[in-house]
Amino acid sequence: GAVVSQHPSWVICKSGTSVKIECRSLDFQATTMFWYRQFPKQSLMLMATSNEGSKATYEQGVEKDKFLINHASLTLSTLTVTSAHPEDSSFYICSARGGVTDTQYFGPGTRLTVL
Amino acid sequence: DQQVKQNSPSLSVQEGRISILNCDYTNSMFDYFLWYKKYPAEGPTFLISISSIKDKNEDGRFTVFLNKSAKHLSLHIVPSQPGDSAVYFCAASARTGGADGLTFGKGTHLIIQP
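Going down the list, the sequences are from chains U and R.
86 is the number that this note's numbering gives to position 86 of the first sequence; each next residue is one higher, with no gaps.
To convert, count from 1 in the second sequence and add 1000; that's this note's numbering.
Every clue listed holds true.
With a straight-line Cα cutoff of 30 Å, these simulated DSS-like cross-link-like pairs (lysine-lysine) come out:
| id | chain 1 | residue 1 | chain 2 | residue 2 |
| --- | --- | --- | --- | --- |
| 1 | R | LYS1005 | U | LYS64 |
| 2 | U | LYS20 | U | LYS66 |
| 3 | R | LYS1068 | U | LYS41 |
| 4 | R | LYS1005 | U | LYS41 |
| 5 | U | LYS64 | R | LYS1106 |
| 6 | U | LYS20 | R | LYS1106 |
| 7 | R | LYS1005 | R | LYS1054 |
| 8 | R | LYS1106 | U | LYS66 |
| 9 | U | LYS41 | R | LYS1106 |
| 10 | R | LYS1054 | R | LYS1071 |
| 11 | U | LYS41 | R | LYS1071 |
| 12 | U | LYS41 | U | LYS20 |
Derived by calculation from the structure, the hints in this document are not laboratory data.
Isolated chain U (complex conformation) (with noise of 0.2 Å):
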C-alpha cells in the first residue's frame, strides 16, 4: 500500500517551453501533497506543499508564477514548471502524505532536462 506514481519520469524540452509534472496516490487519499527538488549531490529541498482545493504554499525563494501547483482532488498534483530555463533543470520529486502510518509517501521521481 501508500504508493505514488509520477509522470512522466523524464522529459527533455526546449528552453522557454513549459512542463507539466503529475504526482498521484494511488492506493489511498492525500489531503496533502508536497513537491521537492533535487539538484546533483545535494539533499532534496522542499519547493511547496499543497493542500487539495486550496492554494499551494511555497518555500521561500521558490517563484509561485514559474512553478504553478494544481492540487484538483486527493489523489492528483500537479506541478507546472513554466517558461523553463536550463537553470530549472534536475531531479522533482512529489510525496504525498497518507496511508496506514500517515507519513509522507514518495513518487519515483522526475528527471527534467531543460535545454
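Here the structure of chain U is known, so what remains is to put chain R in place on it, guided by the hints.
Relative to the frame of chain U, chain R by itself:
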C-alpha cells in the same frame, strides 16, 4: 545553514555486521524524524520514523534511536544485507507524521560489502 546534518557522506560495512548511520539537527522545533532509503533516479522509500516523545523505535532489522538533548539520532541496521546498499536520508519535521514538508540531510551512501 543546514538544519539536518549527515556528516558521513559514505559508510562501508561488512555483510552481517551492524550499520550505524548518524544524523544531527539544529532546529529545536523539530518534533518528528524519519529515515528514508533511496536508489539513484528513484524517489525515497520510507523506512522508519520516531516521535520526539520516544527515544527508540524498532521495526525488524531497523532501529532508530533519538537523543533529544544532544539533537542526535541514529539508524541501526542489523544484520546488514547486500540489498541495504543505498543512500540513506535523515529527515525532520516540526509536526508529527511529517504533516509539514520535511527537511532532509544530504544523505549517507551505505555500501555493504560481501
